[in-house]
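Visitor: Residues per chain, in single letters:
2 protein chains.
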Amino acid sequence: MIGADTPLTTGQYLLVYNVMSLTIAAMGAAGIFFLFARNFIAPKYHLALYFSTLVCWIAAYHYFRIFLSWQDAYAVGTGDQAGLYLPSGKLFNDAYRYADWLLTVPLLLAELVLVLGLARAITHNLIFKLVTAAILMLVLGYPGEVSTDNATRWLWGTLSTIPFVYILYVLWVELTKALERQPERVKLLTRNMRLLLLGSWGFYPIAYLLPTLGLGEAIGIVGLQVGYSLADILAKPIFGFLLYAIAREKTLADNPKFDEEGLAAVARG
Amino acid sequence: MIGADTPLTTGQYLLVYNVMSLTIAAMGAAGIFFLFARNFIAPKYHLALYFSTLVCWIAAYHYFRIFLSWQDAYAVGTGDQAGLYLPSGKLFNDAYRYADWLLTVPLLLAELVLVLGLARAITHNLIFKLVTAAILMLVLGYPGEVSTDNATRWLWGTLSTIPFVYILYVLWVELTKALERQPERVKLLTRNMRLLLLGSWGFYPIAYLLPTLGLGEAIGIVGLQVGYSLADILAKPIFGFLLYAIAREKTLADNPKFDEEGLAAVARG
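Same order as they appear, the protein sequences are chains A and B.
For the first sequence, the residue numbers in this note's numbering are 1 to 269.
For the second sequence, the residue numbers in this note's numbering are 1 to 269.
Bear in mind the hints are in silico, worked out from the structure with no lab data behind them.
Each residue gets a CB set at the ideal place from its N, CA and C atoms; glycine is no exception.
It is possible that part of the hints are untrue.
As the list claims (entries may be wrong) - Dumping the calculated PhoX-like pairs for lysine-lysine here, alpha-carbon to alpha-carbon at most 20 Å:
| id | chain 1 | residue 1 | chain 2 | residue 2 |
| --- | --- | --- | --- | --- |
| 1 | B | K187 | B | K177 |
| 2 | B | K177 | B | K129 |
| 3 | A | K44 | B | K257 |
| 4 | A | K90 | A | K257 |
| 5 | A | K90 | B | K90 |
| 6 | A | K90 | A | K187 |
To be verified - Taking CB as the label site, the calculated pair distances span:
| id | chain 1 | residue 1 | chain 2 | residue 2 | range |
| --- | --- | --- | --- | --- | --- |
| 7 | B | N150 | A | A218 | 45 to 55 Å |
| 8 | B | P256 | A | T132 | 25 to 35 Å |
| 9 | B | L209 | A | W172 | 40 to 50 Å |
| 10 | B | Y50 | A | L35 | 11 to 21 Å |
| 11 | A | E184 | B | K44 | 34 to 44 Å |
| 12 | A | G89 | B | Y98 | 33 to 43 Å |
| 13 | B | N150 | A | T148 | 34 to 44 Å |
| 14 | A | L188 | B | F128 | 49 to 59 Å |
| 15 | B | W172 | A | H124 | 25 to 35 Å |
| 16 | B | L209 | A | N18 | 49 to 59 Å |
| 17 | B | G89 | A | N18 | 33 to 43 Å |
| 18 | B | I238 | A | E184 | 36 to 46 Å |
This is chain A alone, in the form it adopts within the complex (with noise of 0.2 Å):
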């Protein structure tokens, strides 16, 4: 959503002020995070890891503009509108969320490959199929995400739905077949991973309808700054961390000793 219309009070402009700066705080530590967690994992799955780091460090990036711009759309409210937070006149930009998926919806997508460790085709083959259709489906988000018009809104959010049904399948039922022969823990933990994605995903359509459903109130504004904060949470560091306990347990499956010979040396380095 774009433009800041409705004044919103101290204390609703503050939360969101709040969770933006926790999000910026979370992603930048998961970030680092990732690269000390390398140290645990084999290096075949340490690609997975570094996508993961860029992946957070973006995000920081984009919600330190997202903050920037929220601070600019608000101006403290004077006279008989103290304690009211009033819009400034200056564009609040989320369409910073755009620049932000188109660069880590393909990065997450292929993090979810690599760490299953498959065969140099099929990982390839998965994550050309995963990366064409998020772009698709974020570009053809955009036109609506813009306008403010319903019909406009609705049309490409149906047009953008289509390759976000093809990425579904893809990880449902394709991912599932590449599954087979991996441990049942493995199996277990990418069942988790995918359902995280879903429901942390399952959201931005949701945030994305919300302005046509007639809540343009602050009441409204508030619960999608938040709500997309907390899913990006959800998607960015905590998915991160869920993938990296299945490179953790793939290492260990792989090879018993790891932790004896691998922490070892890197503890001696």
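Mind docking chain B on chain A? Use the hints.
Guide: Showing chain B alone in chain A's frame:
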């Protein structure tokens, strides 16, 4: 193109704004990625990856400047021009792009040669020719870019094309000879890399001549900025990624056990 003299709609203004911010994030993240990715390739190709990182970070810096200049060049309209972004009177300077290219184009051409791991004398010879021609091409293009006179634009544009054609000659004729003894897969990736370079570079002369074609309107400005940004994402991060794929391929061709030996050493280090 320099100067902002046409009102834009909010959607047009924001599209450029968001694409520029996206480009900053893409360049910054890609620069970090190439540092991480170093671990997966043999040390003799590391220099090419360092160049990729420099190229992306130099571009991130310049996009940050272009982004600020874009912000300054427009002001929100009021009264009956509400909803429009009007030229603020401040210059929109995207000649920053020339500063960027003067640094990044020689680096891109050098890394293209470096990653092939040819004999030292051939490497130096190819890099010298390509870099000299690239600098000539850019220096000759600049007077036309900052001119508003069509005849001047065409004159310098034509002069600048001579070293450009020479670069194509070196890449297609001389480099092909040097590639004869490379593995098939490296040849294929190099062909793709060369085509990507031609495809993304091909956009620049078109954009350069757009202002002479009588398309001075908003659509022209927006198309130019979005097009240049996407071309830069292709020519820098995506090009760098293909280059990483070549280096990876050559690493495994030189030493099929690199992952067991090399990556284990990285984990120890």
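Visitor: For G89/B and N18/A, compare the CB-CB distance with the range 33 to 43 Å and indicate the outcome.
Guide: Holds - the Cβ-Cβ distance for G89/B and N18/A, about 38 Å, lies within 33 to 43 Å.
Visitor: If you draw a straight line from the CA of K187/B to the CA of K177/B, is it 20 Å or shorter?
Guide: Cα-Cα ~11 Å, so holds.
Visitor: Has the hinted range 11 to 21 Å been met by the Cβ atoms of Y50/B and L35/A?
Guide: holds (19 Å)
Visitor: Please work out if K90/A and K187/A have their alpha carbons no farther apart than 20 Å.
Guide: Violated: K90/A and K187/A sit about 49 Å apart, past 20 Å.
Visitor: Could you tell me whether the CB distance from E184/A to K44/B stays inside 34 to 44 Å?
Guide: holds (42 Å)
Visitor: Between L188/A and F128/B, is the Cβ distance one that fits in 49 to 59 Å?
Guide: holds (58 Å)
Visitor: With respect to the beta-carbon atoms only, verify the hint that L209/B and N18/A lie 49 to 59 Å apart.
Guide: Cβ of L209/B to Cβ of N18/A: about 50 Å, so the range 49 to 59 Å holds.
Visitor: Are L209/B and W172/A spaced within 40 to 50 Å by their CB atoms?
Guide: For W172/A against L209/B, whose Cβ atoms are near 49 Å apart, the range 40 to 50 Å holds.
Visitor: Has the given pair, K90/A with K90/B, been kept, meaning a C-alpha gap of at most 20 Å?
Guide: OK: K90/A and K90/B at ~19 Å, within 20 Å.
Visitor: Using the Cβ atoms, figure out if I238/B sits within 36 to 46 Å of E184/A.
Guide: Since the Cβ atoms of I238/B and E184/A sit about 39 Å apart, the hinted range of 36 to 46 Å holds.
Visitor: Looking only at beta-carbon atoms, does the pair W172/B, H124/A fall within the given range of 25 to 35 Å?
Guide: At roughly 28 Å between Cβ atoms, H124/A and W172/B fall inside 25 to 35 Å, so the hint holds.
Visitor: Honestly, do N150/B and A218/A meet the 45 to 55 Å range at C-beta?
Guide: holds (53 Å)
Checked against the numbered hints given earlier, the structure breaks hints 4 and 6 and satisfies all the rest.
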